[in-house]
Amino acid sequence: MGAEGIGARVLRKEDRRFITGKGRYTDDMTAPGMGFAAFVRSPHAHAAIKSIDTSAAADMPGVTAVLTGDQLVGDGVGNLICGWMIHSKDGTPMKMGAWRALEAERVRHVGQAVAVVVADTAAQARDAAEAVMVDYEELPAVVDAIDAMKEGAPQLHPEAEGNLIYDWEIGDETATNEAFARAKHVTRMEIFNNRLVPNAMEPRAALAAYDEAEEHYTLWTTSQNPHVARLVLSAFYNIAPEHKLRVIAPDVGGGFGSKIYIYPEEMVCLWASKRTGRPVKWVADRTEAFLTDAHGRDHHTEAEMALDEHNKIIGLRVKTVANLGAYMSLFSSSVPTYLYATLLSGQYDIPAIHCNVKTVYTNTTPVDAYRGAGRPEATYVVERMMETAAREVGMDPAEFRRKNFIRSFPHQTPVIMCYDAGDYEASLDAAMKAADYAGFGTRKAEAAKRGKLRGIGFSSYIEACGIAPSQAVGSLGAGVGLWESAEVRVNPVGTIEVLTGSHSHGQGHETTFAQLIADRFGVPTDSVSIVHGDTDKVQFGMGTYGSRSGAVGMSAVVKALDKVEAKAKKIAAHLMEAAEGDIVIEGGELKVAGTDKSLPFFQVALAAYTAHNLPAGMEPGLKEGAFYDPTNFTFPAGTYVCEVEIDPDTGRTEIVNFVAADDFGKIINPMIVEGQVHGGLTQGIGQALLENASYDESGQLLTASYMDYCMPRADDVPSYKLTTTETLCPGNPLGMKGCGEAGAIGSPPAVINAITNAIGTNEIDMPATPEKVWRAIQAAKMPAAAE
Amino acid sequence: MATVTITVNGKKRSAAIEDRTLLVQFLRETAGLTGTHVGCDTSQCGACVVHVDGKAVKSCTMLAAQADGAQVTTIEGLAQDGALHPVQAAFREHHGLQCGFCTPGMIMAAVDMINRYPAGLDEETIRKELDGNICRCTGYHNIVKAIKAASDTMRGMAQAAE
Ligand code: FES
Ligand code: FES
Chain A
1 MGAEGIGARV LRKEDRRFIT GKGRYTDDMT APGMGFAAFV RSPHAHAAIK SIDTSAAADM
61 PGVTAVLTGD QLVGDGVGNL ICGWMIHSKD GTPMKMGAWR ALEAERVRHV GQAVAVVVAD
121 TAAQARDAAE AVMVDYEELP AVVDAIDAMK EGAPQLHPEA EGNLIYDWEI GDETATNEAF
181 ARAKHVTRME IFNNRLVPNA MEPRAALAAY DEAEEHYTLW TTSQNPHVAR LVLSAFYNIA
241 PEHKLRVIAP DVGGGFGSKI YIYPEEMVCL WASKRTGRPV KWVADRTEAF LTDAHGRDHH
301 TEAEMALDEH NKIIGLRVKT VANLGAYMSL FSSSVPTYLY ATLLSGQYDI PAIHCNVKTV
361 YTNTTPVDAY RGAGRPEATY VVERMMETAA REVGMDPAEF RRKNFIRSFP HQTPVIMCYD
421 AGDYEASLDA AMKAADYAGF GTRKAEAAKR GKLRGIGFSS YIEACGIAPS QAVGSLGAGV
481 GLWESAEVRV NPVGTIEVLT GSHSHGQGHE TTFAQLIADR FGVPTDSVSI VHGDTDKVQF
541 GMGTYGSRSG AVGMSAVVKA LDKVEAKAKK IAAHLMEAAE GDIVIEGGEL KVAGTDKSLP
601 FFQVALAAYT AHNLPAGMEP GLKEGAFYDP TNFTFPAGTY VCEVEIDPDT GRTEIVNFVA
661 ADDFGKIINP MIVEGQVHGG LTQGIGQALL ENASYDESGQ LLTASYMDYC MPRADDVPSY
721 KLTTTETLCP GNPLGMKGCG EAGAIGSPPA VINAITNAIG TNEIDMPATP EKVWRAIQAA
781 KMPAAAE
Chain B
1 MATVTITVNG KKRSAAIEDR TLLVQFLRET AGLTGTHVGC DTSQCGACVV HVDGKAVKSC
61 TMLAAQADGA QVTTIEGLAQ DGALHPVQAA FREHHGLQCG FCTPGMIMAA VDMINRYPAG
121 LDEETIRKEL DGNICRCTGY HNIVKAIKAA SDTMRGMAQA AE
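Read top to bottom, the protein sequences are chains A and B.
Each residue of the first sequence is one higher than the one before, counting from 1 in full-length UniProt numbering.
Each residue of the second sequence is one higher than the one before, counting from 1 in full-length UniProt numbering.
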């Protein structure tokens with residue numbers, strides 16, 4: 001692999017600027033004459049807007065303009081859209097309610113923007129925003145998805161009768177019914193997946209500048225996918241044609257899905273910069289982030305698992321209601337469908353599966369993809385069912401999983417996915433060994449002596465990453481193709497720039513992408529720079545989400561490298577008068593195999609640009625591009641084991657050991673992969689024990705600050721034990737699967753299974769707060785007390 | 001409006017500012033030092049930690065006027081003569097950062113923490129002491145490792161100097 005090649009723990013190139021305070025985030029950008037935007041937001045969850053009086057605000061000091069939704073519509077700015085069409089089982093298309101960037105008639109969630117103030121300073125803008133008088137007529141609100149489907153519930157959108165967006169299904173219902181008819185045992189559970197707020201530490205921000213002479217916009221923004229942002233802003237919101245709009249996503253402080261989408265605020269800044277004739281900057285405060293960043297999860301599920309007399313799973317039936325909030329966010333429709341139900345087979349050979357998903361509108365913040373996006377919800381259903389079923393039939397949970405594992409590949413599940421490669425037993429064994437499962441009984445007994453309840457829980461997750469073959473997702477309703485692009489530019493002196501459509505917001509691409517070049521050409525990573533996040537520099541790209549930068553983004557780089565290598569070899573062969581097939585690249589040199597003839601890489605690059613002596617007919621230069629469209633999803637999988645101790649008097653759970661055994665396929669930089677897993681595990685543990693976006697009945701978000709929303713902090717989580725196993729993904733050139741979401745997908749059920757194991761009941765919901773755990777312990781004691 | 005003078009990273013900066021200007025705004029907007037970040041509005045996240053007269057302070061929770069006459073060190077002032085501070089070096093060495101947004105505050109809090117525990121730090125203490133700093137990316141695992149390693153290194157340096 002070489003010191004910096006594939007598989008090496010190379011320290012990150014990008015760190016130097018971050019540890020010295022020289023990172024450049026959107027809020028660090030300025031433009032001459034810049035003004036600041038502040039939004040006027042609805043205090044009500046559901047209300048008709050009777051009037052908006054901006055006159056007092058317009059007269060406040062420093063105010064340039066106060067703009068409202070009527071002006072926005074008048075200027076032809078389009079409504080926000082959802083880009084993935086889902087059809088109900090009766091064939092009707094999903095019901096997309098109109099969503100304006102500034103609402104003029106009816107607000108549908110607390111925090112929805114109804115006007116914007118642009119002023120000389122952020123404080124002046126904020127003061128003036130408070131002076132905008134909006135006359136609301138409050139309407140009854142609904143926040144819970146099940147309530148929203150009830151008769152007589154407040155209705156959000158005229159397009160969606162009964163608040164129903166779609167009623168979708170997947171799998172074979174008849175075959176599943178037949179499996180249940182002959183089942184020896186059926187396990188049933190009602191499972192909630194709690195609503196979360198992604199909480200990237202950098203709040204969303206935008207700086208929009210309009211150049212009147214060129215009729216050209218520049219937008220610096222916190223985006224995971226600047227090209228997609230430009231496409232949507234251009235094609236659907238009519239901001240400007242693509243060649244008149246440059247989107248730059250500079251250093252971005254975390255995303256986790258929440259920075260995929262195009263939100264009202266960013267497009268309003270663009271529009272306002274033209275309207276006011278000055279660059280407009282907006283930075284969300286944390287409360288705005290809680291109220292307007294797309295939330296995650298919020299599923300209510302009823303699941304049934306059918307077992308035969310040998311404890312083999314023969315059927316799975318799942319009914320899910322997913323809360324999409326007040327509007328359909330950009331990819332919201334795909335999350336509870338194709339990113340969720342297609343993973344319900346887990347790691348198991350289940351011959352019949354049927355899943356029905358209903359999505360509904362409520363007076364809450366829109367919900368979209370958050371780290372894992374649908375796959376954590378699927379894993380949580382499957383893995384809690386597995387644990388409960390094992391307990392009900394009296395089997396060891398590890399052995400019950402082992403008995404039902406898929407063992408031959410490719411494996412076609414009944415829910416679309418075709419798993420290409422894996423070895424689930426290997427990761428289960430690795431996890432059991434690292435967790436010392438055999439010694440658990442002793443540890444439990446020892447804990448009991450100290451008055452503690454000790455429990456252990458498994459989660460054998462699978463996910464689908466590397467989204468995705470364009471044709472396949474197109475046939476399922478996606479409005480875009482999900483390939484990736486790359487360009488490799490070798491400079492005349494042999495330094496290399498790699499332009500990628502992937503975007504790094506913490507993942508370390510500047511290092512790992514450079515490792516590919518080091519591996520291929522034997523040049524130091526210091527001579528490589530990675531260019532990303534600017535639509536003027538990189539031609540196009542689909543961005544970073546769904547753990548796709550490795551499996552898809554790097555595959556595009558590999559394809560471009562293949563072309564560069566082929567041309568470099570041709571030049572070298574010509575210069576050294578050797579056969580092209582005899583040229584090998586080693587240690588930064590092109591060599592003629594079996595001889596002592598060689599040329600340093602930079603000399604070949606220089607020859608390509610001087611063009612004094614190239615093979616006949618060859619174009620000068622050494623620069624190649626490639627588009628890579630994957631042939632399948634990739635399927636990372638693994639087993640997590642969580643061990644907890646619970647204080648029965650307080651209900652407080654402490655995670656005393658956490659083991660993750662993952663199969664990510666080929667790993668480029670283990671240090672970075674471990675970091676991804678640590679972060680994912682902590683978010684998953686946060687979901688399991690601490691985090692919950694909680695609304696009151698009137699639709700007020702009760703957890704809209706870090707005083708109320710419980711983020712995992714350093715003393716809430718343990719240090720982790722990580723191990724990996726490897727089966728290569730056959731679908732892409734490097735054999736990579738992806739690692740960004742695994743931790744968040746696999747950990748919640750492991751934690752909850754450990755808790756239920758400790759307290760001896762299967763009933764508890766996330767987040768398992770001390771109060772809930774204590775109550776569950778008391779409830780479990782009740783029958784015993786009654787005896 | 002009030003005129004305040006604050007010595008930032010050894011350089012005196014004077015400016016007439018609105019009374020409500022926060023120290024973090026003074027640093028970012030007046031002094032042009034954007035390494036100090038704002039991650040919340042309730043003094044919870046610690047992205048804004050700087051040192052005021054040698055003590056870690058959440059600069060979003062202090063008025064610039066309160067720092068009049070004070071010595072402030074920000075992340076930009078930590079490295080000396082191009083040499084990284086041991087805590088900065090340890091964060092890189094142990095992969096204690098991903099997106100980098102929490103990092104300036106984490107590092108400044110860690111330097112203060114290590115100074116307050118000259119006898120050294122164990123994992124449990126580090127985790128408790130980090131209560132005022134939130135990171136969404138790293139899961140804290142490598143931050144804890146980095147602080148422990150930096151604390152050990154600095155203790156070694158202090159002993160060698162004795
Ligand atoms: S910005 Fe100061 S604590 Fe969050
Ligand atoms: S590194 Fe991203 S928040 Fe800490």
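What the hints contain is simulated information worked out from the structure, not anything from laboratory work.
Among these hints, one or two may not hold up.
Claimed, not checked - To give an idea of the chain B side of the interface with chain A (calculated C-beta under 7 Å), a few residues:
hint : residue
1    : CYS40
2    : VAL52
3    : LYS55
4    : MET62
5    : GLN71
6    : THR73
7    : ALA79
8    : GLN80
9    : ASP81
10   : ALA83
11   : CYS99
12   : CYS102
13   : THR125
14   : LEU130
15   : TYR140
Claimed, not checked - Computed footprint of chain B on chain A; a stretch qualifies when at least three of its residues, placed anywhere within it, have a C-beta under 8 Å from a C-beta of chain B:
hint : region
16   : 246-253
17   : 451-461
18   : 693-703
Where a beta carbon is used, it is the ideal one built from N, C-alpha and C, also for glycine.
So, going through the hints one by one against the coordinates:
1. CYS40: Where the cut-off is 7 Å and the nearest Cβ of chain A is about 4 Å from CYS40(B), the hint holds.
2. VAL52: violated, 16 Å
3. LYS55: violated, 19 Å
4. MET62: Hint violated; MET62(B) Cβ to chain A Cβ min 17 Å, cut 7 Å.
5. GLN71: violated, 17 Å
6. THR73: Cβ of THR73(B) sits 11 Å from chain A, so the hint is violated.
7. ALA79: holds, 6 Å
8. GLN80: It is violated, given that the least Cβ distance between GLN80(B) and chain A is near 12 Å, above 7 Å.
9. ASP81: violated, 13 Å
10. ALA83: Because about 11 Å separates ALA83(B) from the closest Cβ in chain A, which is outside the 7 Å limit, the hint is violated.
11. CYS99: holds, 3 Å
12. CYS102: holds, 5 Å
13. THR125: Nearest chain A Cβ about 10 Å off; hint violated.
14. LEU130: Holds, about 4 Å.
15. TYR140: holds, 4 Å
16. 246-253: holds (count 3)
17. 451-461: Check failed, 0 qualifying residues.
18. 693-703: Contact hint for the region 693-703 of chain A vs chain B: violated, 0 residues under 8 Å.
In this structure, the earlier hints numbered 2, 3, 4, 5, 6, 8, 9, 10, 13, 17, 18 are contradicted, and the remaining ones agree with it.
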